[in-house]
Amino acid sequence: MANAASGMAVHDDCKLKFLELKAKRTYRFIVFKIEEKQKQVVVEKLGEPSQSYDDFTASLPADECRYAVYDFDFVTAENCQKSRIFFIAWSPDTSRVRSKMIYASSKDRFKRELDGIQVELQATDPTEMGLDVIRSRAN
Amino acid sequence: MPELAETYACVPSTERGRGILISGDPKSNKVLYTNGRSVIILDLNNPLNVSVYGEHAYPATVARFSPNGEWVASADVSGTVRIWGAYNDHVLKKEFKVLSGRIDDLQWSPDGMRIVACGDGKGKSLVRAFMWDSGTNVGEFDGHSRRVLSCAFKPTRPFRIVTCGEDFLVNFYEGPPFKFKQSHRDHANFVNCVRYSPDGSKFISVSSDKKGIIFDGKTAEKIGELSSEDPHKGSIYAASWSPEGKQVLTVSADKTAKVWDISEDGSGKLKKTLTCSGSGGVDDMLVGCRWQNDHLVTVSLGGTISIFSASNLEKSPLQLSGHMKNITSLAVLKSDPKCVLSSSYDGLIVKWVQGLGYSGKLQRKENSQIKCFAAAEEEIVTSGFDNKIWRISLHGDQCGDGDSVDIGSQPKDLSLALLSPELALVTTDSGVVMLRCTKVVSTINLGFAVTASVVAPDGSEAIVGGQDGKLHVFCIVGDSLKEEAVLEKHRGAITVIRYSPDFSMFASGDANREAIVWDRVSREVKLKNMLYHTARINCLAWSPNNSMVATGSLDTCVIIYEVDKPASSRMTIKGAHLGGVYALAFTDEHSVVSSGEDACVRVWKLTPQ
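Chains A and B are the protein sequences, given in the same order. Read in order, the letters of the first sequence are residues 1 to 139 in UniProt numbering. Read in order, the letters of the second sequence are residues 1 to 609 in UniProt numbering.
I should point out that these hints are in silico values taken from the structure, not numbers from a laboratory. Computed from a predicted model, the values in this text were never measured in an experiment. You may find that some hints are simply not true.
No more than 20 Å apart at the CA atoms, straight line, and that leaves these computed lysine to any residue pairs for SDA-like [said to hold, decoys possible]:
| id | chain 1 | residue 1 | chain 2 | residue 2 |
| --- | --- | --- | --- | --- |
| 1 | B | Lys574 | A | Thr94 |
| 2 | B | Lys222 | B | Lys269 |
| 3 | B | Lys574 | A | Val133 |
| 4 | B | Lys97 | B | Ser78 |
| 5 | B | Lys574 | A | Ser136 |
| 6 | B | Lys489 | A | Pro126 |
| 7 | B | Lys528 | A | Ala58 |
| 8 | B | Lys489 | A | Asp132 |
| 9 | B | Lys470 | A | Thr94 |
| 10 | B | Lys361 | B | Leu419 |
| 11 | B | Lys528 | A | Ser136 |
| 12 | B | Lys526 | A | Lys33 |
| 13 | B | Lys470 | A | Asp132 |
| 14 | A | Lys33 | A | Ser136 |
| 15 | B | Lys470 | A | Ser95 |
| 16 | B | Lys388 | B | Gln363 |
| 17 | B | Lys489 | A | Ser95 |
| 18 | B | Lys565 | A | Asp132 |
Can you make the complete structure from the sequences, with help from the hints?
Put into C-alpha cells, the structure is as follows:
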C-alpha cells in the first residue's frame, strides 16, 4: 500500500490533531515524523498555544527531516488580527539523502490529508524559515 | 539599521591609446563618468558627495546629462542606451538597443528631444540618431567606414550633427531628418573628439596627429587651426569649450593640458599650458577633459582627476584620485583609526581619511601587483603575484625602502601577528611559510590544499583552513607548527578566518556562504547558523569591542551579527558594492568600511538597535 514512491500511509492521529489545531486552536504547532519501520507518518510533538516561534524552531532537529504545521498569528497593516496555517517541509542540508528523498516523495500525499493549509514553505536551513520569511509569506 | 555615511568614489576607467569622455551637468558642478558597470555622478564642490548608478549589464562607456538637467543618458559596450532620472532613485525611463557594438559617444540635441549615439557597429550602423522617448530614427548616417569616436550636436538651430572617427574623417550631416552633407579629410590620424562651441558658431576636431582644426558651425568650412607654435607633442585625446565659447581646453598624451583662445576668424592661439605634477610616467598622460563653469577638469591615464580654476590658471590644481580596479584589501591603522588604506590588485595603495576623502597614494618603489596586504603600526606587508613578499616601512604618507623575499610559490593569504609584527604567516597552495622580518624561517608542507589562514596577535597560535572545510589549529613552537585540533563544521572551502581583537574568539567564513564564531580556548561553536548570505563569503571583520562580526560576500551584501544575540537578529546592507564585497574593516564601534569590485570604498554607520 505504502511505498517510497507513492507516499507513506498517514496515521489517523495526524489528521485528528490537525483538525483540532484548525478548529479549536488547541495547539500552536504540530511536528510530524515518518516512522520508517511502520511506514507511516505519525505525530511527534505538539506545541501549547502559549509557545512561541522560537520554541517551535528549537523542536526541529538540525539534521533530520520533518513535516510541521504552525499556526502563525499576526497583525495586518489595517490593524486586524489574522492567522495563517503554515505547512513547513523541514529538509536540512545536513540530513541524510535517504531521509530527504522519503520526505520529499511523501509530502504531496500527506498534504492532501491535511485540508486547510494556507501557506507552504520548504526550509533547508534555519535561515529559510526565519521569522522575517514567515512574516513576508503571511501576506 | 546601517546607513551610508561616506563613499570614496572610484575614478574613470581608462585605456591606453584612447581618450575618455567625461561630461557635466549644465546647471550644477557635477561631472559624470563611468567605471566598469557603474556610472558615477561626482560633485566637484564636494567630492565626497557621489552618486552611483549601477544598472547596466555591460561595462558603461559614456554618460551625459540632458540639456535641462533632469535626465541622464548612458551607454555601454553592448550598444544599449539607458535614459534615467538624474535625481533620487535614478528611475529608468527608457532603454534602447541602439548600435550592434560598443557606443563611444552620445549627445543630446539642445531641446532634449533627440539623441545621437556613435560607436562601433560591425560595419553597418556606426551612428544613429533617434527620438529620446520613442526611439524612432531621425536620419541616415552613412559616410564612415570605421569606428566613430565622437559626435556633436549643434547647440543652436538649424540643427547639424558632426561625427569623427578612426577613418580620419570628419563628417557633417544636415537635418532633421539627418542626411550626409560633407566630409573632411584634414587629419592624418584618428580623430578623437569633435565639439561644438556653446553658441554653435564653430566646432573643433582634435586628433592623434597632434592637430586641432576649427570649422564653421553652419557650413562646415574649415576656418582655422590651433596654432602650431608650441603645439601638443602627443595625440590630443579630448577637447572642451569654455561656457562663453571663446576658449578651448585640450588634453594630450604629452601629459599637458592647453588652454587656447579662439578668435572670431577661427584661429587658435595658445593661452596657457597646464601641467600636473606626477611621477612622470605613462600614468600622467591626460585622456579626458571638461570645462565645467569655473572648473577645468582633466583626467589622467592613471585615474587622477585634476581640477583647475578657470579664473586663476596659475593656481595649482586640486587632485583627486582613487581606485580604478577591484579593491581587494582594506586595512585600518591602529594609530589613526580615521585613516583607511585600501589596495587594489593592480598594485595601487590609496590612503583615505574619513571626513576628507582622498588623502594620497602610497608611492612604492616597486609597483608590482598586489594579491593581499596587511598593515601593522609602521609597516605594510604586501604579497604579489610574482611570489614575493614585500615589507615596506611606512612614514606618514611615504613609503620607505622595502625588503622583499621570494617564497617560492604563489601566496594565497597573508596574516601578521599584530603584537609582534615581525612574524608573518603566508599560505601557499600546499602549506604555509613562516617569516620573521624578511627571512623565511620555515616552509611547512601540510599535505592538504590550504585556502586561508590566520596567526594569533601574540604569535602563539595559527589556524589554517583547507579546501575541504576543515579548520586546523596549530600551536607555534619556535619555528614549527604543532597540530592541536581539527574542527569540522564548514561545508565548503574556508575563505577567511579572523581572531577577535581580545583573542578570546575567532570567526571563520567559507565558500558555502556560512560563517561560524568559535570560542578560542574551548574550540566550541559560539554562534552558528550565520547562513544569510547567498554566495561565498569573501571577508570578515571584528568590531574593536568584540561584540560584532561583519561578513561581506560575493552577493554584494554586508551582514553584521552581534555575537551575543542569535544569528537571525542581524543587520543587512544590501547592494553594498556592485560585483561583490571583497574587504571589510571596522574603524570604531559603529562604523564599518567596506570595499569591493566596483572600486569604491564606503563607510557605513551602524545605529544601535
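Hints, verified against the model:
At most 20 Å may separate the alpha-carbon atoms for a hinted pair to count; Lys574(B) and Thr94(A) exceed this at roughly 28 Å. Among the hinted pairs, Lys222(B) with Lys269(B) is consistent with the structure: their alpha-carbon atoms are about 16 Å apart, no more than 20 Å. Distance hint between Lys574(B) and Val133(A) is fulfilled; the C-alpha atoms sit about 16 Å from each other, no more than 20 Å. For the given pair, Lys97(B) sits about 8 Å from Ser78(B) by alpha-carbon distance, which is consistent with the 20 Å threshold.
For the hint linking Lys574(B) to Ser136(A), the alpha-carbon distance of about 17 Å falls within 20 Å, and the restraint holds. At roughly 16 Å between alpha-carbon atoms, Lys489(B) and Pro126(A) fall within 20 Å of each other, so this suggested pair holds. Taking the CA atoms of Lys528(B) and Ala58(A), the gap is near 14 Å; set against the 20 Å cutoff, the hint holds. Among the hinted pairs, Lys489(B) with Asp132(A) is inconsistent with the structure: their alpha-carbon atoms are about 26 Å apart, more than 20 Å.
At roughly 16 Å between alpha-carbon atoms, Lys470(B) and Thr94(A) fall within 20 Å of each other, so this suggested pair holds. Taking the CA atoms of Lys361(B) and Leu419(B), the gap is near 26 Å; set against the 20 Å cutoff, the hint is violated. Restraint check for Lys528(B) and Ser136(A): not satisfied, since their Cα atoms lie roughly 24 Å apart, outside the 20 Å limit. Distance restraint check for Lys526(B) and Lys33(A): the Cα-Cα separation of roughly 29 Å exceeds the 20 Å cut-off, and the hinted pair is therefore not satisfied.
For the hint linking Lys470(B) to Asp132(A), the alpha-carbon distance of about 32 Å lies beyond 20 Å, and the restraint is violated. Of the pairs offered as hints, the one joining Lys33(A) and Ser136(A) is violated, with about 27 Å between alpha carbons and a cut-off of 20 Å exceeded. Distance hint between Lys470(B) and Ser95(A) is fulfilled; the C-alpha atoms sit about 19 Å from each other, no more than 20 Å. In summary, the hint linking Lys388(B) to Gln363(B) is supported, as the alpha carbons are separated by about 18 Å, within the 20 Å threshold.
This hinted pair checks out: Lys489(B) and Ser95(A) have alpha carbons roughly 14 Å apart, not beyond 20 Å. Between Lys565(B) and Asp132(A), the direct Cα distance comes to roughly 16 Å. Compliance with the 20 Å bound is thereby established for this hinted pair.
In this structure, the hints that do not hold are numbers 1, 8, 10, 11, 12, 13 and 14, in rising order.
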